[in-house]
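**Student:** Spelled out from the first residue to the last, the chains are:
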Amino acid sequence: MKTDIKDKEKNTIERKNMSKFKDNKLGKNLLSMLVPIGMIFFSFFVGAIIMLIFGYNPIQAYVSLMRGAFVGNFNIAQTLLNSVPLIFTGLAVAFAFRCGLFNIGAEGQLYLGSLASTYIATAIILPAILHVPLILIAGALAGGLWAFLPGILKAKTGSHEVITTMMMSWIGVFFSSYVIRNILKDPRTDLPVSKTIYKSAELIKIDKILPIQALKGTRLHIGFFIAILTALLIWYIIKKTTIGYEVRAVGFNPYASEYAGISISKNIILALFISGMLAGLAGSVEIAGLHHKLWDRYSAMYGFTGIAIALLAKNNPIGVIFAAILFGAIQAGGKTMQLDANVPVDMTDILEGIVIFAVAAEEIIKMFIRAREKRRFARIGTT
Amino acid sequence: MEQLKGILTPALFAGMIRIATPLALTAIGGTICERSGIVNIALEGLILIGAFISVVVSYFTGSAWLGVLGAIIVGALFSLILAYFSINLRSDQVVVGTAINIFALGATGFLTDFIFKEAGATPGVAGLNPIKIPILCNIPWIGEIFFQQKPIIYLTFLIVAISQFILFKTQIGLRIRAVGEHPRAADTVGINVYKIRYLAVTISGALGGLAGAQLALEEIRRFVEYMSGGRGFIALAANVFGKWTPIGSWLGSLLFGFAQALELRLGIFKISPEFIKMIPYALTIIVLAGAMGRATAPVSLGKPYIKD
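Sequence order for the protein chains is A and B. The first sequence begins at 3 in our numbering and counts up by one. The second sequence begins at 5 in our numbering and counts up by one.
Take these hints with a grain of salt, some might be off.
Here are the simulated EDC-like cross-link-like pairs (lysine to aspartate or glutamate), alpha carbons at most 20 angstroms apart as the crow flies [what the hints assert, rightly or not]:
no., chain 1, residue 1, chain 2, residue 2
1, B, 121, A, 342
2, B, 307, A, 364
3, A, 337, B, 229
4, A, 337, B, 122
5, B, 9, B, 267
6, A, 187, B, 278
7, B, 173, B, 185
Worth flagging that the hints you see were computed from the coordinates, not collected in a lab.
Can you build the whole structure from these sequences, using the hints too?
**Tutor:** If you want it as C-alpha cells, here you go:
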C-alpha cells in the first residue's frame, strides 16, 4: 500500500517535472557529446604546440594527417580497417568499466581469440556459412576464458583485476607465441607465422557485395559491419536487458546491489567474461578478415588503445565506434604526415597519450560543475 | 647431471643479478608508490624516459654518470604528472598511468628522430664499466657473482637495504604506509597526505629513471625504441609477488631474473623460451590466488583522497 502511494506521488512529481527533465536530458546528451569533441580539439591543439616547439608546421602536419586518413579509396578503407579491432577492444574495456572493472588485459585476450580462430580456420574445412560463425564463436570463447580467471580471482579473493588481467595478458602473448611457432607454424617458411587459413574461413570483402564506389578494390571486409553490429548489441545489452542492468548496478554501487539481491561475484565474473569475449572477437576478425594468417606479436597495442577509446567514448558503445574510427584515422594518416610534413610518425602516439591525459583530467571539469551546483543549491537554500 | 653442472655456473647467477637489477629498482619504486596509495602502471614509461635521457645526456656530455643523474632527475619530474593527476585532479590512476606509458613511447621515439635524425635507435654512447671490488672479487663463485658487476648494480644492493629500512623502521616510512592504508586517520594526526604521496610518487619516478639508465648505459649503451620491453610490468609483478615490500620486490626480481638468465642457457633442455617468459606472470597469479599466504594490497590503493 505504502509503496503504491509513494509511487503515485513520485509519478505526479515526475509528470510535473517532465518538461524540465526532458530539457535537462537533451542538454546532458549534448554536453556528453560536446565534451569528448572538445577534448579531441584540445589534444590536437596541444599536439600543435609541441610540433611548433620542435619547428614543425602543425597545419601542414594535420592537413596531411587528414589526407592520409580520409582522401582516396585506400586511405578511407585503411582508416576503417584500423578501426575494426579497436571497436572490439574499445567495447571490451567499456563493458568491463560499466561493472566498475578495469580490463587492462584485452591485448592477451585478443591473442587468445586469434589463436582459437586460426586453429579452427586451418584445421578443418567447412562450408563458409558454418566456418565463419564457428571461428567467431571460438575466438570469443577463448578471449572470454582468458578473462574468466581474473574474474574468478576478483570475486573469490578480491585480487585487483588490473594486476590479474595484465598478468594474464602477458601469459597470453607468450602462450600464443609458443603455439604459433610450434603448433600452427607454416612449415614452408622460417618466419614466426601460422599456416594460411582456408578460403571458407575468410570474411568477405565489402566491395564484393556492396557497390560502394569509395571502397572499390580495397581490403575492407565485413568485419567492419560485424563490429558495428556488436556495438549495437552491447548497447542493447547494457541499456535494455537484465544482465546489463545488474552489471551496471554492481558497477555503480556494489553494496547496494548486493542488498537488493544482485550477486556481486556473478556479475563481476560475467562482465569480465563478456569483456574478454569482445577482445577475443577483435582477434578473430583480424585473422579472418584481414591477415588470413596469424603472425607472432601482430597486434599494434590494440588492447591498450582500447582503453583510450573506451574512456574517450565514456563507455558508450555507440561512442566507441566513433572514437575507434578517430584513432584508426590517426594511425592511418601518420605515415602520410611523416612523408609530407616530415613529422616523425611517433607524433601519433603522443597525440594518443594526450587524448588519454585529457580524458583523465576530466575531473577538473566535473569539479567545476559540482562547485557551481553547490553554489546554486546554497542560493536556493537561503531563499 | 653433467648438463646441469654446465648450466649452473657463476656466470648464470651473475646474469641473474644483472637482469634483476632494473626490475628490482623499478619494483621498489612501485612498492614505495603503491604503499602510499597510488597505483603506478606508469613504471614502463618511466624506465623508457630514464633510458632515453641517460643516453642523450651521455651523448652530449660524454659523461655516463651525468647521464645517470639526468635520468634520475627527469624520471622524478616526469612522475610528477602522475602525482598531479592522481592526487590533485583525483583522476583514475590506471588511466593516467596508461597515458604516461603511451606518451613516453611516442615522446622518446619522436625525440630520437628529432635529435639524431634516425628512426628507432640512437648511436652508441659512453656507458658504465664493471668495477672489480678488490679482494672480494677473488672469492670463488661469490666474487664472480657479486663483486665484478657494474656500478648501478652495486647501488641497487644499497637501495634495497635502505628502502626496506626507511619503509619499515623510520617515521617517514610509517607515514608513507599510513597514507596508503588510512589517509583520513593519517590526516587527523597531522600528516600531510598530499605531500607524502607526492614524495612517494617522485621516489618511484627517480628509481624508474635509474632503472632505465642502468638498462641503457650498463647493458646496451644506446637507446632503442621501446627498449623497456615490458620490464615495467614485470616489475609490477615482482612488487605484488614480494607483497609490497622492497626486499620482497628484490627477491621477486631475482627469481624472474634467474628464470630469464636460465632461458638464455636452456638450449639443452626441451623447454620453450616462451614458457620461461611466462613464469613471472604465472607466479604472480598464483600468489594472488592465495597459494603462498595472503597478498594484500594497501587498503587505500587507487583511491584518491579528498581533503575536506
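**Student:** Compare the structure with each hint and give your call.
**Tutor:** Evaluated hints:
no.: 1; hint: B/121 x A/342; in the structure: 16 angstroms, holds
no.: 2; hint: B/307 x A/364; in the structure: 17 angstroms, holds
no.: 3; hint: A/337 x B/229; in the structure: 17 angstroms, holds
no.: 4; hint: A/337 x B/122; in the structure: 16 angstroms, holds
no.: 5; hint: B/9 x B/267; in the structure: 16 angstroms, holds
no.: 6; hint: A/187 x B/278; in the structure: 15 angstroms, holds
no.: 7; hint: B/173 x B/185; in the structure: 17 angstroms, holds
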